[in-house]
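Asks: In case you want the letters, here they are:
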Amino acid sequence: MPLDTELATFKKLKAELLANHAGKFALIKGDDFIGAFDTPDNAYTEGVTRYGREPFLVRRIAEQEEVYRNQAFLLGLTNARI
Amino acid sequence: MPVFDFFHWDKDKGYTLAETGAILQVTVGLPPALEQFCLQKNIAIPTPVSGYALIDTGASASAVHEQIFTDFGVQPIDNILMSTPHTRDKFSFVYPAKVQFPGLNLSGEGALTSMRVVGCELKWTTFDDKEIIMLMGRDLLKFFLMVYNGVQSDITLAY
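So the protein sequences, as listed, match chains S and H. Residues in the first sequence are numbered consecutively from 1, following the numbering used here. Residues in the second sequence are numbered consecutively from 1001, following the numbering used here.
Check before you lean on any hint, since a few could be wrong.
Cut-off 30 Å, straight-line C-alpha distance, at most; resulting in silico cross-link-like pairs (DSSO-like, lysine-lysine) [unchecked claim]: (1) H:Lys-1123 / H:Lys-1013; (2) H:Lys-1123 / H:Lys-1098; (3) H:Lys-1098 / H:Lys-1041; (4) S:Lys-29 / H:Lys-1013; (5) H:Lys-1142 / S:Lys-24; (6) S:Lys-14 / S:Lys-24; (7) H:Lys-1090 / S:Lys-11; (8) H:Lys-1098 / H:Lys-1142; (9) S:Lys-14 / S:Lys-29; (10) H:Lys-1041 / H:Lys-1013; (11) S:Lys-24 / S:Lys-12; (12) S:Lys-24 / S:Lys-11; (13) H:Lys-1011 / S:Lys-12; (14) S:Lys-11 / S:Lys-29; (15) H:Lys-1090 / H:Lys-1123; (16) H:Lys-1011 / H:Lys-1130; (17) S:Lys-24 / H:Lys-1011; (18) S:Lys-11 / H:Lys-1041; (19) H:Lys-1011 / H:Lys-1041; (20) H:Lys-1130 / S:Lys-24; (21) H:Lys-1090 / H:Lys-1142; (22) S:Lys-14 / H:Lys-1090; (23) S:Lys-29 / H:Lys-1130; (24) S:Lys-29 / S:Lys-12; (25) H:Lys-1098 / S:Lys-29.
Restraint-style ranges between C-beta atoms, simulated for each label pair [unchecked claim]: (26) S:Thr-5 / H:Thr-1156: 43 to 51 Å; (27) S:Gly-23 / H:Thr-1156: 31 to 39 Å; (28) S:Glu-65 / H:Val-1151: 37 to 45 Å; (29) H:Leu-1039 / S:Lys-12: 29 to 37 Å.
No lab work stands behind these hints: they were computed from the structure. Cβ coordinates follow ideal geometry from the N, Cα and C atoms, glycine included.
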């Protein structure tokens, strides 16, 4: 799956990233942490500059993992008609 | 504060807001950084996809039909855990995108041209033949004041 390696790298480095770059966005390619950026846009731009259309990870450095909450959509009710 | 009005009405079906939900036109294209990269490398830039976004105050973030990114050749940049009372440990990919709303003349911080969106299987067509390709979640709605006028089948957005 895309990003498997990068997600594993993030997990491995998470404590260190939290200690030094909490709240920023990490750019990770393969096993390498490239840098921490103030915005996801800046991280993405740097990723594209270095790797073009190859996959790389841009993830917020935070203790809590982000969760997508949308009950209506995920329950299939967004377009339901009764 | 610029104010934009979206009257939901069809010449055959009359008021449509209650059936379709609050929708507005949207185009989804390559994120600006990737567009620039393609220009420099002489790679064809895919035409942005046009459709409608459903305003979804129940969504914590915005979502876009995932096939659009597959067709563009855009790689995911993250994943995110999906949460419902019935679903645990299901992840979806997060994609970079350029999102524009032709009906909103946005500028400055509210331009919202480059953003992270969740990729989902969500495309459907409303009863008045409008193709929904996006859920506009609270990550975008935080920039707006919105009035939902169910009686007049009308949405007002201001930012």
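Asks: Work down the list of hints and note, for each, if the structure agrees.
Replies: Results for each hint:
| no. | hint | result |
| --- | --- | --- |
| 1 | H:Lys-1123 / H:Lys-1013 | 22 Å, holds |
| 2 | H:Lys-1123 / H:Lys-1098 | 18 Å, holds |
| 3 | H:Lys-1098 / H:Lys-1041 | 19 Å, holds |
| 4 | S:Lys-29 / H:Lys-1013 | 52 Å, violated |
| 5 | H:Lys-1142 / S:Lys-24 | 21 Å, holds |
| 6 | S:Lys-14 / S:Lys-24 | 12 Å, holds |
| 7 | H:Lys-1090 / S:Lys-11 | 18 Å, holds |
| 8 | H:Lys-1098 / H:Lys-1142 | 18 Å, holds |
| 9 | S:Lys-14 / S:Lys-29 | 15 Å, holds |
| 10 | H:Lys-1041 / H:Lys-1013 | 48 Å, violated |
| 11 | S:Lys-24 / S:Lys-12 | 17 Å, holds |
| 12 | S:Lys-24 / S:Lys-11 | 16 Å, holds |
| 13 | H:Lys-1011 / S:Lys-12 | 58 Å, violated |
| 14 | S:Lys-11 / S:Lys-29 | 13 Å, holds |
| 15 | H:Lys-1090 / H:Lys-1123 | 20 Å, holds |
| 16 | H:Lys-1011 / H:Lys-1130 | 14 Å, holds |
| 17 | S:Lys-24 / H:Lys-1011 | 50 Å, violated |
| 18 | S:Lys-11 / H:Lys-1041 | 34 Å, violated |
| 19 | H:Lys-1011 / H:Lys-1041 | 47 Å, violated |
| 20 | H:Lys-1130 / S:Lys-24 | 38 Å, violated |
| 21 | H:Lys-1090 / H:Lys-1142 | 26 Å, holds |
| 22 | S:Lys-14 / H:Lys-1090 | 21 Å, holds |
| 23 | S:Lys-29 / H:Lys-1130 | 39 Å, violated |
| 24 | S:Lys-29 / S:Lys-12 | 13 Å, holds |
| 25 | H:Lys-1098 / S:Lys-29 | 23 Å, holds |
| 26 | S:Thr-5 / H:Thr-1156: 43 to 51 Å | 47 Å, holds |
| 27 | S:Gly-23 / H:Thr-1156: 31 to 39 Å | 34 Å, holds |
| 28 | S:Glu-65 / H:Val-1151: 37 to 45 Å | 42 Å, holds |
| 29 | H:Leu-1039 / S:Lys-12: 29 to 37 Å | 36 Å, holds |
When the structure is compared with the earlier hints, violations turn up for hints 4, 10, 13, 17, 18, 19, 20 and 23 and for no others.
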